[in-house]
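*Asks:* Each chain, written out:
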Amino acid sequence: MMTFDLTLTGSDLLLLAPEIFLTIWMCVVLIVDFSVKNIDHENLAYLSIGGILTTLVNVIWFDYIGVHGSLFKDMYVLDGVAIFFKIIILIATLLVLLISIDYVKKFKYFKGEYYFLVMMSALGMMFMASAQDLLSVFVTLEFSTFGFYVLVAYLREDARSSEAGLKFFILGVFAAGLLAYGISLVYGETGTLVFSEMTSTPGSYGLAIGFILIFAALGFKIGAVPFHSWIPDTYQGAPTPVTAFLSIAPKGAALAILIRMFFVALASFKPMWVLLFVVASIASMTYGNIVAIAQTNIKRLLAYSGIAQIGNVMIGMAAGTKRGSDAILFYLLTYLFANLGAFAVVIGVSNFIKSDEIEDYNGLNRRSPFLAAAMLLFLLSLAGVPPLAGFIGKLYIFVAAMEQELYTLLIVGLINIVISMYYYLIVVKKMYINEPTDPTSITVSAPLKTAVYIGIAGTLLLGIYPKPFIDWAVSATLMFSNLVAPTAAAPVLSPLVGG
Amino acid sequence: MTVSSGGFPWITLVVFLPLLGVAAILLAKEEMAKWIGLAASCVVLLASLPLWVMFNETTAAMQFVEKHQWIASPSIHYAVGIDGISLPLVLLTTFLTPLCVLVSWTSIDTRVREFMISLLVMETATVGVFVSLDFVLFYIFWETMLIPMYLLIGIWGGANRVYAAIKFFLYTLAGSVLLLVAIIVLYFSSGENTFDILTLSQSAYSPTLQSWLFWAFFAAFAVKVPMFPFHTWLPDAHVEAPTAGSVILASVLLKMGTYGFLRFSLPMLPDASLSFTPIIMTLSVIAIIYGAYMAFAQSDLKKLIAYSSVSHMGFVTLGIFAMNAQGIEGAILQMVNHGITTGGLFLCVGIIYERTHSREIDDNSGLAKPMPCYATFLVIFALSSVGLPGMNSFVGEFFVLVGTFMWSKLAATLAALGVILAAAYILWMLQRVVYGVPSQSMASKLSDLNPREWAMLVPLVFFVFWIGLYPKPLLDVMHASVDNLIQHEVKVMTVDNPEPILPATLALSDSLSQDRKAMLQ
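Residue numbers (this note's numbering), protein chains in the order written: chain A, 1 to 499; chain B, 1001 to 1521.
Cross-link-like lysine-lysine pairs, in silico, BS3-like; alpha carbons within 27 Å at most:
hint, chain 1, residue 1, chain 2, residue 2
1, B, K1303, A, K429
2, A, K430, B, K1029
3, A, K449, A, K354
4, B, K1303, B, K1369
5, B, K1067, A, K467
6, A, K111, A, K354
Listed next, with one range per pair, are the computed distances between beta-carbon atoms:
hint, chain 1, residue 1, chain 2, residue 2, range
7, B, K1409, A, L460, 54 to 64 Å
8, A, P439, B, T1199, 46 to 56 Å
9, A, I209, B, N1160, 55 to 65 Å
10, B, K1445, A, T437, 27 to 37 Å
11, B, E1031, A, T23, 49 to 59 Å
12, B, E1031, A, T443, 23 to 33 Å
13, A, I411, B, P1207, 14 to 24 Å
14, B, K1445, A, D158, 53 to 63 Å
15, B, A1204, A, L460, 34 to 44 Å
16, A, I411, B, S1275, 18 to 28 Å
Now the stretches of chain A that chain B is said to cover, found in silico as 3 or more residues with beta-carbon under 8 Å:
hint, region
17, 381-391
18, 406-416
19, 421-427
Derived by calculation from the structure, the hints in this document are not laboratory data. Note that beta-carbon positions come from the ideal geometry of N, C-alpha and C, so glycine has one too.
Start from the sequences, fold in the hints, and give me the full structure.
*Replies:* In structure tokens, the structure reads:
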């Protein structure tokens, strides 16, 4: 039986410093919103950005001086992987706050609470990145999703937003049910909830079903096929900054849990779960890319492209090696800048022309050369064209897959690059080749411009000088270096997935 | 096996100077864009000359080498260098880019800034392809080049430009992704865990693996060349592209494919190259005859030249896979020649298109009278394309045919048929365009060449005759590198087929080589 006798010392609490700080700051933002009369929501935004920045600096400092450790009987852990994902989540939150400032003007009520909710979701996801046992997985996952339930339906007058909120809620709750059921099965079979204590459990059907249920629940969060059905409608209906947030942060946090669960708890069952990821990856890439071709709405296009990108990430999971985990981390970093950058451009355009239809991107190059060039870079990076960040990310993923001789997966992945190039090129064509129907030039506000510049800087820097970031990813995942022997699983697998 | 750059990073300078021009264009006013484009491309040309002047012709080693670690794991380097195979192509690229700027001087009047940027980025990417000594770096440049080319065709092209641009992009991309697989496979199977091209060329791979890799390479390179039956994107792209785009496409981009065969397929996969030679040779011969045959049927000047390119590039692949000194040197020579001649022909079409706004032969007939100087240039380039002795293509085609003859008499005979066909369709085209009956409606628009157009065509004519009459400097540059490549192949041949025929062939090859040297002295 498990007993919870929590003894906390001051130095233990230090591990939680970023989260504690963020919690306090969130409350400060809320209090300021309530107590200061007629406060401009823009000031609240900058207050929130200040808080996120401070937290980010705090986490980076922890990484720099090497603060590691675990709390609450290993329920909560602060290690390289946790810090890496926390930084991704915080950068994403920062960019989302920047791109929200203009958008929030659209809301009639509760402008201040918007920032509170964004920060609350970020806090939940930061906890997710540190979750090291199934109980904390459940609690943190629900905590972070809670904020999103509200955020997705924030455009109260817009039927699409309400529809998106409802769909997201119903499927989210369904996923939570799956998760709880899966956890109960795993606990029943193993008698423990902590990942690191499950490594030596013998396999059983109950355990397998339990983990498949947990995988399904997390699959909802990362939007992998076949758990993707909520994504397009929710993405389209939700306020665009929230869509941008949804498209990266929860995926990152859920991947942190997936990596820990499969690379630590289930390391010894690798031959079995590799197939799971191979299938999910192939399905996600192919489905996402093919359906994306037919999209006429840019948010839906990015939604489907996001499904395909997650398929790419799962190639790294299928590789199941240290290099695979490095590749996932680096890939997420490249995806973060390219995807949020693309959404920033979408917001910039839609703030001005009030439309998210791809048709309305005609001649964007004439109307705003800056936005068009930025969008070009982001889309090409998502497609994996060198010398941009996405190429290095894809290369790294493919190297990891090749090392494990996952030829089928590799070939499907490469064919998908060609397919994805097609629909990204259609957008490029509209922006550069077509003539605009309305030639007025588009003005972009300063915060949005900042976000786009950060996206461009990240996309170029990670592509041209990726070394320090790859080194960072490699050192963050040192904990996996002794877990999966590079060739151990290959002979077992080759009849299943080998070329 | 490398020779250091002697300190100064000449190659890096040549590769990245165009990007400096891009930055200048972005900062300057739109009206200044073409001047900056011209200045930047001329500076790059000047910067590339030291590569030639200081080039050491006696060694096959890579020269001007620069190598810096870029990513630690997987180990990727920024490694560049040139040898006798890449130097001519680098110079060809830097030489043609200013001409492309010039030909676009008045014909491109919308979005000049973006046009010049695309052109300069193209230059960086293409030079980068030829100098890369790291496979990932090579792939990066190889892929980067797609975007500006896509925009060149898509924005400034003809009526059906979007279709052509997307077709070009997806065709080449589909070929390239297989190349990426092959690159990653090589990384692991060389046993060295490296992307270094020189190291990968030294390693031995099992014949089965070589076959797979060969076809993966083939997919990327054959689309680019383009070899029959992967050529269908070329006529579309050529016809729709603006003149500068056609020149770059024909003169430089197509060479990336044949360069790939020379730099990667032959040295890294010698067994597979040897065993698949008959297939490649067959495809080359088909390309030569099919291209010529299709050229006959064209009424559009650009399409005619596009199909003649398919035919001429067939000679290049023929020469490469003959795998003897004559064949390969002829192939490299032919790569340069095709760049000069076809570049010249496309410039000529561009010049007339600016005046008549038509590329149809019927609309552009009888130009000898209103435009005598233009007609002279057109005749020179056309005859060079035919391979008239004394002009550049003759030397290249002759070497290729000699090389092919030593491999198979039948192939050489059929390829020679292609030369005759070329003479037929080119002369027929000349007859109509130069000496036909002038159409009255166009007559008023026809003014002869202006100084800018003279400046574009004269340098090309100079090279047509220089290489035609005195190709020795160019051959000397490539000689050591080609010999080294042949030695590498010979090792494989003699290990695999210990029959006495081959030494005999080689002896013949050597004696021919001596004769040829004597002839050239």
